[in-house]
Amino acid sequence: MEGDVVSDLVRQLVVRIFPVVNRGGGGGGGGGEKNSSSNVASSNGSSGQPLRKGSCAAAAVVSESIVDRAHRYAMRIIGSRISPSLANDEGAMAEAIKRQLVQENRSSDALTFADLHRRLSLQSGPGSLENRWSLLYLLRAISDDQRRERAETRGTAFPYTSTLSAPAVRGGLPALPENVSRSNNFFSLGEQQTPAAAAAAAAGELRSQQHSQAIEPSSGVLILSKDDGDVRAAAVAEYVEIHQTETEVTEMALVRDIVYACQGIDGKYVKFNKDADGFLIEETFRVPRATRTLVRRLCEVGWLFQRVKNHISESLEDGPLEAIGTVGQAFCAALQEELSDYYRLMAVLEGQVHNPVPFMLTSDGMKSTGSYLSLRRLSVWLAEPLVRMRLMAVLVDDCKTLRGGAMAGAIHMHAQHGDPLVRTFLRRLLRQVCSPLFEMVRRWVLEGEVDDYYGEFFVVAQAVKAELLWREGYQLQTAMLPSFIPEPLAQRILRTGKSINFLRVCCSDQGWAQSAADAVAAAGASASGGSLGYGETEALEALVVEAAGRIDKHLIQIMYNRYRFRDHCLAIKRYLLLGQGDFIQYLMDLVGPELVMPANTLSSFKLSGTLESAVRASNAQYDDSDVLDRLRVRMMPHSDGDRGWDVFSLDYSVRDPLTTLFTEEVMGKYLKIFNFLWRLKRVEHALSATWQTMKPNCAIARLSLNEGGGGQSQLTVVLRRCQTLRNEMNHFVTNLQYYIMFEVLEYSWANFLEEMEEAHDLDELIAAHDKYLGSILEKALLGERSQLLCKTLFALFDLILRFRGLADRLYENAREVQARSDIALREKAKRDAPKARDGQRRLSTAHLSGDFLGSMGEEMDGLAVEYSSLLEGFIAQLPAQQHVDLKFLSFRLDFSEFYTQQHMGMSTSHLRILRNPLKNTRPSWEKKCG
Amino acid sequence: MDGVGVQRAREALDIAHVMANLLGTGLDRQTLSILIALCEHGVNPEALAAVVKELRREAAALSATPSPV
Numbered sequence: 001m002e003g004d005v006v007s008d009l010v011r012q013l014v015v016r017i018f019p020v021v022n023r024g025g026g027g028g029g030g031g032g033e034k035n036s037s038s039n040v041a042s043s044n045g046s047s048g049q050p051l052r053k054g055s056c057a058a059a060a061v062v063s064e065s066i067v068d069r070a071h072r073y074a075m076r077i078i079g080s081r082i083s084p085s086l087a088n089d090e091g092a093m094a095e096a097i098k099r100q101l102v103q104e105n106r107s108s109d110a111l112t113f114a115d116l117h118r119r120l121s122l123q124s125g126p127g128s129l130e131n132r133w134s135l136l137y138l139l140r141a142i143s144d145d146q147r148r149e150r151a152e153t154r155g156t157a158f159p160y161t162s163t164l165s166a167p168a169v170r171g172g173l174p175a176l177p178e179n180v181s182r183s184n185n186f187f188s189l190g191e192q193q194t195p196a197a198a199a200a201a202a203a204g205e206l207r208s209q210q211h212s213q214a215i216e217p218s219s220g221v222l223i224l225s226k227d228d229g230d231v232r233a234a235a236v237a238e239y240v241e242i243h244q245t246e247t248e249v250t251e252m253a254l255v256r257d258i259v260y261a262c263q264g265i266d267g268k269y270v271k272f273n274k275d276a277d278g279f280l281i282e283e284t285f286r287v288p289r290a291t292r293t294l295v296r297r298l299c300e301v302g303w304l305f306q307r308v309k310n311h312i313s314e315s316l317e318d319g320p321l322e323a324i325g326t327v328g329q330a331f332c333a334a335l336q337e338e339l340s341d342y343y344r345l346m347a348v349l350e351g352q353v354h355n356p357v358p359f360m361l362t363s364d365g366m367k368s369t370g371s372y373l374s375l376r377r378l379s380v381w382l383a384e385p386l387v388r389m390r391l392m393a394v395l396v397d398d399c400k401t402l403r404g405g406a407m408a409g410a411i412h413m414h415a416q417h418g419d420p421l422v423r424t425f426l427r428r429l430l431r432q433v434c435s436p437l438f439e440m441v442r443r444w445v446l447e448g449e450v451d452d453y454y455g456e457f458f459v460v461a462q463a464v465k466a467e468l469l470w471r472e473g474y475q476l477q478t479a480m481l482p483s484f485i486p487e488p489l490a491q492r493i494l495r496t497g498k499s500i501n502f503l504r505v506c507c508s509d510q511g512w513a514q515s516a517a518d519a520v521a522a523a524g525a526s527a528s529g530g531s532l533g534y535g536e537t538e539a540l541e542a543l544v545v546e547a548a549g550r551i552d553k554h555l556i557q558i559m560y561n562r563y564r565f566r567d568h569c570l571a572i573k574r575y576l577l578l579g580q581g582d583f584i585q586y587l588m589d590l591v592g593p594e595l596v597m598p599a600n601t602l603s604s605f606k607l608s609g610t611l612e613s614a615v616r617a618s619n620a621q622y623d624d625s626d627v628l629d630r631l632r633v634r635m636m637p638h639s640d641g642d643r644g645w646d647v648f649s650l651d652y653s654v655r656d657p658l659t660t661l662f663t664e665e666v667m668g669k670y671l672k673i674f675n676f677l678w679r680l681k682r683v684e685h686a687l688s689a690t691w692q693t694m695k696p697n698c699a700i701a702r703l704s705l706n707e708g709g710g711g712q713s714q715l716t717v718v719l720r721r722c723q724t725l726r727n728e729m730n731h732f733v734t735n736l737q738y739y740i741m742f743e744v745l746e747y748s749w750a751n752f753l754e755e756m757e758e759a760h761d762l763d764e765l766i767a768a769h770d771k772y773l774g775s776i777l778e779k780a781l782l783g784e785r786s787q788l789l790c791k792t793l794f795a796l797f798d799l800i801l802r803f804r805g806l807a808d809r810l811y812e813n814a815r816e817v818q819a820r821s822d823i824a825l826r827e828k829a830k831r832d833a834p835k836a837r838d839g840q841r842r843l844s845t846a847h848l849s850g851d852f853l854g855s856m857g858e859e860m861d862g863l864a865v866e867y868s869s870l871l872e873g874f875i876a877q878l879p880a881q882q883h884v885d886l887k888f889l890s891f892r893l894d895f896s897e898f899y900t901q902q903h904m905g906m907s908t909s910h911l912r913i914l915r916n917p918l919k920n921t922r923p924s925w926e927k928k929c930g
Numbered sequence: 001m002d003g004v005g006v007q008r009a010r011e012a013l014d015i016a017h018v019m020a021n022l023l024g025t026g027l028d029r030q031t032l033s034i035l036i037a038l039c040e041h042g043v044n045p046e047a048l049a050a051v052v053k054e055l056r057r058e059a060a061a062l063s064a065t066p067s068p069v
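Heads up: the protein sequence lines correspond to chains V and Y, in order. Each step along the first sequence adds one to the number in UniProt numbering, with nothing skipped, and position 710 is 710. Each step along the second sequence adds one to the number in UniProt numbering, with nothing skipped, and position 13 is 13.
By construction, these hints were calculated from the structure, which means they are not laboratory data. One or more of the hints may lead you astray.
[What the hints assert, rightly or not] Among the chain Y residues that face chain V by a calculated CB cut under 7 Å, a handful are: (1) 8; (2) 15; (3) 18; (4) 19; (5) 25; (6) 26; (7) 34; (8) 39; (9) 41; (10) 43; (11) 45; (12) 51; (13) 52; (14) 55; (15) 59.
Just so it is clear, CB atoms sit at the ideal spot from N, CA and C, and this is done for glycine as well.
The shape of chain V in the complex, shown without the other chains (with noise of 0.2 Å):
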């Protein structure tokens, strides 16, 4: 029944179709649209046909003929194709007529069409269409068939469609020939020549009529218009013919097996071989090498992803936190991130392979088979993920086993690119790769916290004591450091940390929560840091920098302000480098007799008494008694045979958090010099007690006076030589004096006050306290490299002190001589004894005398020669000797360049003694120094 409906329809269109030959010759299709008996839908069609029938007989018999042969030639067609090739989309179908509209430059037709198309899916109920599909396409084809046709009529040349087979198709295929009558064209349609191939046959009959070059004018069926675009056609046929017979393996399965090898799965074709380490069609399969070439470098996107993957799974899953911390951690995230990017390209093209778009009719009708995804267009779009998977796959291969800071300052030197898709792509990353860093960064900056479970920040901390705290608590590891914070910056985010550390724990401040936060209002950052990330080391900077100024400042004010720093080093100076005058004057004078004693006799306790007593004779007493609690004598260890003088010294206790300043070693050092500067301030003392009992007094005028000839001339040899030695060594000894204190030590002081003023933090304040201390040393010979002369030093130091002895026990002696010869003479003067018993006495004093002084005299002769050889020494070393300073000391000491004479000349011992022209020297070096 439904057959008969069918047939009788086609039957009708048929008749509408043809021409009524009746009408004359020239009567186009259009005549038969005059017949208007409209038969919608009307079963039976035989009422059209005794119409046409009825309206010319001899006509209407042919047409009748043909008619009929229309109308089996209709049946087949439309029996040979009972189901539709493409899919049942409508939406589909009107999208791409809308879409060929507009490319027609029919926008406007292009809209009305839609509206058509909407109004006609409105409609529901009977009486409606249910197959608009069907119908949308039909109109489709019949306009593409009318286009076609005007297009050949017009004779210019085809559009060339883009599927391989639409131009083979075409034109390639040469008509029947001639014999093939159109009756074969009709009949042999229900073999597997497609319409296409007889519409072809009848276009190229069409054309051979119209282009008039057949060679065979009376059929007209051969096609011989042979242009380029059919050899050329040709050729590509029979590629295709080829191609198709070798491939076993369908395009469509390549491309949907490629999609998975992407995903890092293994497809039905395309497997991961771990011999060549990569995905490549099975050798079982038969496709052709190019195929397989493109397989296999398409799939490199595969297997970078697979490497990425792996390191993703290994880190974050199996291996414990420890491996790889904070930074790795988000290393993986930014890693998973962009890899969700590529999942959605994968799941789009995966969309592509599996729906594909329903391909426009070529230009002759043939279908294009092949889905919208070929191999070329898939590495067109893997081109991008391309180059985004093998940067990440070759960070990860760099970053395998770095962690923290130097995870960071690895993807940072990658970053340093030309490319700018390069760049972008890792700055991307790495603003996720550091903001745990960053973070750590600025915690420590602002809170002096060091955030680090898994050792990734540069900074490490140490427990130490609290004087310890500043110098060792906290230093950097360079390997943790990332390249694109520089040196410097990093140096000043430590000791701000420091900075905050040390004045929380060590001087219990809170002050610097204050001016961490004016620091980060100044910067700008806000306070979770969320602004600070790579790519902002200016910023980081900025800030780091600011917090550094406001913390030193803080730490510097407090320093001096509270702890009273500058006090203390001035008071240092005063007493330990025997600043104040007076007092260690007082202090000599108290504590000189006693010292003389053995060492193990001495009770610190006793001497603590003394020290009382000096400071309060003296201006100390008005110092801050802060100071002078801490000042306290301290008895170095000693061994047997030691004085006194060898183990008293004077020590400073300083409290946190000035231990930072002067720690152990620091203390040790002022002790040395206080050391050295103690001996030269008893040899100065004892010389100038010397000068107490040899300065000219009647006693010993008298005593020279009384002695007569040979007594009195060696008494006055003996004593003149004393005199001269004494003035010599004094000379040595005040040169010296003056020398330590104005050149070493006040000098090293304003530098020090000076420096002090321009530090800006702690550290430079140490270091400025180091370079006093230094230099301070240096100069006083007491450095490694004056080693020689502070023994010579010593040595004259010593034997200055025996000359001491020496002159006061000549003295003495010669005092008791003389109040025992005044006795003498006044127990002479009562008595009146007899003058040769006087004379006996005072020969025999005067013999003592002799044999004493005789004694005494050698006994000077041996010391000046010891002394002149030492000093000669001392000073012929002081040139020698590096440092500049140490110059202005032999200048002082050898003004008249007198030593220098000596050394060179060849004079006795005896001559040096008699001259004395050091007298001279000393006014010009006053003038020198006044």
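We have chain V; now place chain Y onto it with these hints.
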């Protein structure tokens, strides 16, 4: 068919006719109606299009050459 159905059918035909004109198919209403009927009966539209094309060709050929048949 009831009136509404007929009306709807006519509407559909009108719309289809306009569409066909838009696409330049060169079909008139009657032919179009027949084709629609055939489509509704489930005939393959590709085949129909081919039929139309063939018939047109044949017709053109017939009218162009004087047929001795």
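In rising order, the numbers of the hints this structure does not comply with: none
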